[in-house]
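Given these sequences and hints, build the entire structure.
Each chain is listed here by its residues.
Number of protein chains: 2
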Amino acid sequence: MRKALALAAVALIATPLAAQQVERAEIARIIDEGMNRSEVMITAEHMTDRIGSRLTNSPGMRAAEDWTLSRFRTWGLKNAHKEGFDFGRGWWAERQSARMISPRPIDLTAMAINWTPGTPGRISAPIIVAPMREPAHFARYRGQLAGKIVLVTLPDEGSEPGEAPFRRLSGDDLAKLDVYQQPSYDPEAGDRRIKRLEYAEKLDSFLKAEGAVAYVTMSARDGKLLHGNGYLFGVGETQQVPGFEFAAEDYRRLARLAKVGPAPVVELESVVHFEDADTKAYNILADIPGTDTSGAYVMAGAHLDSWTAGDGAADNAAGSAVVMEAARILQRMGVKPRRTIRFALWSGEEQGLLGSMAYVDQHIATRQRKAGEPSTGLARFYGWTDRWPVTRQPGYDKLVAYFNLDNGSGKIRGIYAENNVAAVPTLRDWMAPFASMGANTVAMRTTGGTDHMFFSALGIPAFQFIQDPLDYGSRLHHTSADTFDHLKSADMRQAAVILAAFLLQAANSEKPLARAPFPTQPTVTNPFAYPDPDDLD
Amino acid sequence: MRKALALAAVALIATPLAAQQVERAEIARIIDEGMNRSEVMITAEHMTDRIGSRLTNSPGMRAAEDWTLSRFRTWGLKNAHKEGFDFGRGWWAERQSARMISPRPIDLTAMAINWTPGTPGRISAPIIVAPMREPAHFARYRGQLAGKIVLVTLPDEGSEPGEAPFRRLSGDDLAKLDVYQQPSYDPEAGDRRIKRLEYAEKLDSFLKAEGAVAYVTMSARDGKLLHGNGYLFGVGETQQVPGFEFAAEDYRRLARLAKVGPAPVVELESVVHFEDADTKAYNILADIPGTDTSGAYVMAGAHLDSWTAGDGAADNAAGSAVVMEAARILQRMGVKPRRTIRFALWSGEEQGLLGSMAYVDQHIATRQRKAGEPSTGLARFYGWTDRWPVTRQPGYDKLVAYFNLDNGSGKIRGIYAENNVAAVPTLRDWMAPFASMGANTVAMRTTGGTDHMFFSALGIPAFQFIQDPLDYGSRLHHTSADTFDHLKSADMRQAAVILAAFLLQAANSEKPLARAPFPTQPTVTNPFAYPDPDDLD
Numbered sequence: 001m002r003k004a005l006a007l008a009a010v011a012l013i014a015t016p017l018a019a020q021q022v023e024r025a026e027i028a029r030i031i032d033e034g035m036n037r038s039e040v041m042i043t044a045e046h047m048t049d050r051i052g053s054r055l056t057n058s059p060g061m062r063a064a065e066d067w068t069l070s071r072f073r074t075w076g077l078k079n080a081h082k083e084g085f086d087f088g089r090g091w092w093a094e095r096q097s098a099r100m101i102s103p104r105p106i107d108l109t110a111m112a113i114n115w116t117p118g119t120p121g122r123i124s125a126p127i128i129v130a131p132m133r134e135p136a137h138f139a140r141y142r143g144q145l146a147g148k149i150v151l152v153t154l155p156d157e158g159s160e161p162g163e164a165p166f167r168r169l170s171g172d173d174l175a176k177l178d179v180y181q182q183p184s185y186d187p188e189a190g191d192r193r194i195k196r197l198e199y200a201e202k203l204d205s206f207l208k209a210e211g212a213v214a215y216v217t218m219s220a221r222d223g224k225l226l227h228g229n230g231y232l233f234g235v236g237e238t239q240q241v242p243g244f245e246f247a248a249e250d251y252r253r254l255a256r257l258a259k260v261g262p263a264p265v266v267e268l269e270s271v272v273h274f275e276d277a278d279t280k281a282y283n284i285l286a287d288i289p290g291t292d293t294s295g296a297y298v299m300a301g302a303h304l305d306s307w308t309a310g311d312g313a314a315d316n317a318a319g320s321a322v323v324m325e326a327a328r329i330l331q332r333m334g335v336k337p338r339r340t341i342r343f344a345l346w347s348g349e350e351q352g353l354l355g356s357m358a359y360v361d362q363h364i365a366t367r368q369r370k371a372g373e374p375s376t377g378l379a380r381f382y383g384w385t386d387r388w389p390v391t392r393q394p395g396y397d398k399l400v401a402y403f404n405l406d407n408g409s410g411k412i413r414g415i416y417a418e419n420n421v422a423a424v425p426t427l428r429d430w431m432a433p434f435a436s437m438g439a440n441t442v443a444m445r446t447t448g449g450t451d452h453m454f455f456s457a458l459g460i461p462a463f464q465f466i467q468d469p470l471d472y473g474s475r476l477h478h479t480s481a482d483t484f485d486h487l488k489s490a491d492m493r494q495a496a497v498i499l500a501a502f503l504l505q506a507a508n509s510e511k512p513l514a515r516a517p518f519p520t521q522p523t524v525t526n527p528f529a530y531p532d533p534d535d536l537d
Numbered sequence: 001m002r003k004a005l006a007l008a009a010v011a012l013i014a015t016p017l018a019a020q021q022v023e024r025a026e027i028a029r030i031i032d033e034g035m036n037r038s039e040v041m042i043t044a045e046h047m048t049d050r051i052g053s054r055l056t057n058s059p060g061m062r063a064a065e066d067w068t069l070s071r072f073r074t075w076g077l078k079n080a081h082k083e084g085f086d087f088g089r090g091w092w093a094e095r096q097s098a099r100m101i102s103p104r105p106i107d108l109t110a111m112a113i114n115w116t117p118g119t120p121g122r123i124s125a126p127i128i129v130a131p132m133r134e135p136a137h138f139a140r141y142r143g144q145l146a147g148k149i150v151l152v153t154l155p156d157e158g159s160e161p162g163e164a165p166f167r168r169l170s171g172d173d174l175a176k177l178d179v180y181q182q183p184s185y186d187p188e189a190g191d192r193r194i195k196r197l198e199y200a201e202k203l204d205s206f207l208k209a210e211g212a213v214a215y216v217t218m219s220a221r222d223g224k225l226l227h228g229n230g231y232l233f234g235v236g237e238t239q240q241v242p243g244f245e246f247a248a249e250d251y252r253r254l255a256r257l258a259k260v261g262p263a264p265v266v267e268l269e270s271v272v273h274f275e276d277a278d279t280k281a282y283n284i285l286a287d288i289p290g291t292d293t294s295g296a297y298v299m300a301g302a303h304l305d306s307w308t309a310g311d312g313a314a315d316n317a318a319g320s321a322v323v324m325e326a327a328r329i330l331q332r333m334g335v336k337p338r339r340t341i342r343f344a345l346w347s348g349e350e351q352g353l354l355g356s357m358a359y360v361d362q363h364i365a366t367r368q369r370k371a372g373e374p375s376t377g378l379a380r381f382y383g384w385t386d387r388w389p390v391t392r393q394p395g396y397d398k399l400v401a402y403f404n405l406d407n408g409s410g411k412i413r414g415i416y417a418e419n420n421v422a423a424v425p426t427l428r429d430w431m432a433p434f435a436s437m438g439a440n441t442v443a444m445r446t447t448g449g450t451d452h453m454f455f456s457a458l459g460i461p462a463f464q465f466i467q468d469p470l471d472y473g474s475r476l477h478h479t480s481a482d483t484f485d486h487l488k489s490a491d492m493r494q495a496a497v498i499l500a501a502f503l504l505q506a507a508n509s510e511k512p513l514a515r516a517p518f519p520t521q522p523t524v525t526n527p528f529a530y531p532d533p534d535d536l537d
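Residue numbers (UniProt numbering), protein chains in the order written: chain A, 1 to 537; chain B, 1 to 537.
By construction, these hints were calculated from the structure, which means they are not laboratory data. In this text the structure is predicted, and so the values were computed from the model without any measurement. Ideal Cβ placement from N, Cα and C applies to all residues, glycine included. Fair warning: there could be bad hints in the mix.
[Said to hold, decoys possible] Partner residues are not named here, just some residues of chain A that face chain B (Cβ under 10 Å, in silico): (1) Gly84; (2) Asp86; (3) Arg99; (4) Ile106; (5) Pro155; (6) Arg252; (7) Gly310; (8) His486.
Here you go:
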């Protein structure tokens with residue numbers, strides 16, 4: 001009994017004491033640089049206030065590409081470069097406005113839907129409320145839309161938000177995240193989503209054929225927040241009818257007035273510009289070279305692109321600035337890691353994680369293309385789980401760890417192990433020094449919807465950090481309130497310090513982090529399911 | 001023992017059983033009309049969507065005065081009329097816009113501050129951040145403001161809202177309200193507030209003398225909500241420099257950019273109109289006449305005027321529509337009350353409860369005017385507790401009960417007894433039928449800030465109802481999100497039913513509600529206090 005305990009105690013010490021002391025000394029230097037001479041908020045401020053929103057391929061994103069590259073170079077990182085991938089059109093709105101002019105004048109909160117054409121000057125027209133979700137609904141409004149501004153969303157009533165908008169995770173919250181998640185796969189899901197995407201084009205054709213002068217959607221959030229959307233960014237895909245999003249309160253008011261009648265008259269103006277000189281989008285990459293010659297590397301990434309309703313601060317200048325700050329800290333310390341440390345700022349994330357997908361495709365493993373599959377667009381993302389077989393690239397074995405940040409500016413509370421059971425002990429070991437900063441959890445569950453997905457799906461140890469949610473999900477994510485003032489500087493300093501430490505430990509560890517098995521087929525979890533007839537239209 | 005209990009049981013039954021049954025039958029008819037043929041939302045919708053914001057003396061408020069009068073008359077109420085009182089200028093904004101044009105173009109969320117002059121067309125100028133709160137701060141910016149747009153609020157950081165925005169009261173919440181509140185009186189408070197008010201005029205003179213082209217305040221709420229303000233509505237008081245309020249996110253962004261420099265350039269336009277044909281504001285009054293000849297009456301009131309950021313829905317079309325609906329219900333039932341039931345829609349509430357103050361002054365009791373006291377303005381409100389002696393008017397004894405609604409659209413959960421200990425048993429008796437609708441609390445505490453204040457300060461049984469807060473305080477009160485879609489129709493039906501029942505019971509009760517003693521002097525609670533030197537500047 002005594003012997004067994006002693007063995008267990010030895011097993012718990014993953015790293016010998018002397019090596020731990022070296023590591024801790026390095027971590028202390030990281031903390032000193034990251035806490036006492038932090039530049040993370042300077043970086044985030046420039047990216048949000050000065051550059052502003054960074055829609056993929058917009059002038060804002062181009063400026064951000066140039067500026068982040070120049071920062072990496074100024075700090076002394078090597079191999080700073082951009083890698084292009086097929087994307088589509090650049091677009092930006094110079095100005096956009098909307099007013100109701102009858103039955104009474106009132107300014108409306110509005111934005112142009114991304115990648116839709118501008119209005120021919122200031123136009124005014126009566127509205128019609130014509131809620132449509134699929135082509136089967138077009139028939140109801142045929143012949144009624146000529147010369148009208150068409151409100152296409154079904155209006156709802158005011159939300160009743162019963163949760164605190166600003167929140168930090170309790171110990172209980174964190175414990176609940178430590179749950180293994182069984183894989184699931186719905187072979188028809190991709191096709192369904194692609195069909196919904198095609199609906200946007202069909203709606204545009206219908207509105208154009210009917211002679212509508214513009215269409216309006218309702219913001220997905222109320223409280224006068226704009227949310228934004230728009231996915232028809234491919235060359236040759238551009239809509240013909242100008243599109244606007246209205247704040248929910250303004251949209252609902254118009255809809256009620258139209259119900260009683262007569263139809264309100266609305267004045268619209270959007271001055272937008274398309275930029276087609278370069279249809280490639282670019283990921284930004286920069287290295288701190290490793291000392292060994294194997295080509296092995298560890299990587300941190302965050303997406304640099306944003307939507308346009310706000311300045312893309314919490315989503316995701318915060319993550320980008322933390323990744324850049326980790327680079328700055330480690331470079332300033334003059335670290336000479338065993339393995340190369342790579343920093344990635346992805347593009348096209350908001351249009352389907354297209355930047356990280358392109359990187360994986362080019363450097364890590366290639367998925368079989370389906371016949372007729374487009375080289376860009378959200379459809380490419382929707383289809384990715386259906387593409388088999390997957391062929392490893394020579395670079396597959398070189399990437400030994402990837403860390404992602406894309407959950408706002410909240411401090412790091414731990415890391416999601418993404419069902420990678422074998423990596424957990426090492427992750428716990430690396431997290432240990434940061435318990436007093438609030439980060440002490442390694443939670444088994446998987447997360448999705450951002451750039452580590454393609455890496456972890458291949459068995460690569462690729463993780464997202466657990467962050468305090470703050471008001472990211474409740475009011476900042478994609479909205480007009482996503483501005484620098486809602487970023488928390490103490491949190492972002494902490495995140496940059498922890499990320500730098502994880503990168504250095506992953507780069508220097510004797511053994512690389514455990515990989516999960518390479519996938520060979522889709523995980524069909526319910527072979528007895530029938531498709532819903534609503535999905536077959 | 002047995003005898004004592006029997007006596008107590010008799011005492012508890014305030015109303016004989018037969019009378020109770022008559023009352024309950026009437027209440028059942030009220031519920032039928034108010035639940036099954038409700039028009040409360042039709043009324044509120046017209047007031048908010050169709051008429052819109054109702055700033056005192058604006059065209060919107062004039063339209064609301066006319067429309068509500070005509071509704072009362074159409075329903076058959078008697079003596080429907082308006083009563084004027086000195087107020088000031090009418091004002092409305094036809095359009096208002098703001099954009100940052102350098103360092104990058106972006107639309108800003110902005111509104112003209114009420115009663116400020118319009119811009120001379122579309123103007124653009126560099127901003128300067130010059131936070132000022134009192135005349136002592138002017139010196140810091142002298143000589144720096146010429147040709148500038150001056151940001152006068154000290155910028156802060158993003159809020160961290162830790163409470164759920166939408167809330168209903170629990171039993172515990174309700175129990176906490178049942179607390180007698182000792183009176184307090186600070187004899188210098190009125191003068192301090194008046195001084196702050198004078199500051200707005202001094203700031204305007206300073207900005208004008210310095211050659212500033214406009215000034216900007218930051219919204220009191222963030223999350224891109226506008227809040228609105230402006231109190232210089234008196235004839236001859238009008239500011240000379242156009243004023244704007246910017247959403248907090250937009251304001252803070254400008255302030256940060258200016259800190260790094262160069263100063264952003266902003267483009268502003270406000271097209272506003274002053275209406276001076278009639279400087280009186282008007283309360284709307286209408287009666288269901290009583291059968292006795294004493295002239296006694298009971299009254300329900302709500303303020304009809306609003307601010308301009310939104311449509312003044314929760315504040316206070318909701319209360320106005322509930323008061324009107326109670327009138328409609330009782331009139332439709334053809335009730336013949338013993339005492340007259342009067343319905344009041346107050347004006348000038350947002351500028352210092354000026355409408356109800358004027359009514360009290362004219363009909364209930366007159367307070368001694370101080371030397372040089374103005375006949376209108378917020379200053380008149382600030383000074384009211386200092387005015388002694390108070391002289392009863394002949395109408396003082398006629399008003400036997402007043403009920404106020406001004407807390408949004410949440411359903412009634414009970415009533416505040418306003419420290420009127422003697423009225424509590426009767427209020428409990430009248431509330432009893434509505435326990436199954438969620439209203440079963442009579443809470444001792446006082447409430448302030450709205451139109452029952454002047455009545456209850458005179459000992460008149462004047463009460464506010466306890467309402468579920470919903471999102472009134474968290475995001476609707478005075479903001480751009482205060483629109484009809486956030487009103488809850490089930491709640492407003494319930495409130496109209498309960499208000500109608502209270503009015504009918506108060507009008508028909510054998511004995512009128514107990515009055516509190518008439519006040520004869522201010523309640524000096526701390527005769528040993530010294531004024532803070534900061535308040536003496």
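Was the hint right that A:Asp86 lines chain B, CB cutoff 10 Å? violated, 28 Å
Supplied contact hint for A:Pro155, tested at 10 Å Cβ to chain B: With a minimum Cβ separation of about 8 Å from chain B (threshold 10 Å), the hint on A:Pro155 holds.
Have a go at the A:Arg99 hint: is there a Cβ in chain B nearer than 10 Å to its own Cβ? This interface hint holds because 6 Å falls under the 10 Å limit.
When the nearest CB of chain B is found for A:Gly310, is that gap smaller than 10 Å? holds, 7 Å
Quick one, is the A:His486 hint okay against chain B at 10 Å, beta carbons? This interface hint holds because 4 Å falls under the 10 Å limit.
Status of the hint placing A:Arg252 at chain B (closest C-beta pair under 10 Å): holds, 4 Å
Per-residue hint verdict: A:Gly84, partner chain B, C-beta under 10 Å: With a minimum Cβ separation of about 25 Å from chain B (threshold 10 Å), the hint on A:Gly84 is violated.
Restraint: A:Ile106 near chain B, CB-CB cut 10 Å. Satisfied or not? Hint on A:Ile106: holds, closest Cβ of chain B at ~6 Å, below 10 Å.
In terms of the numbered hints stated before, the structure departs from hints 1, 2, listed from lowest to highest.
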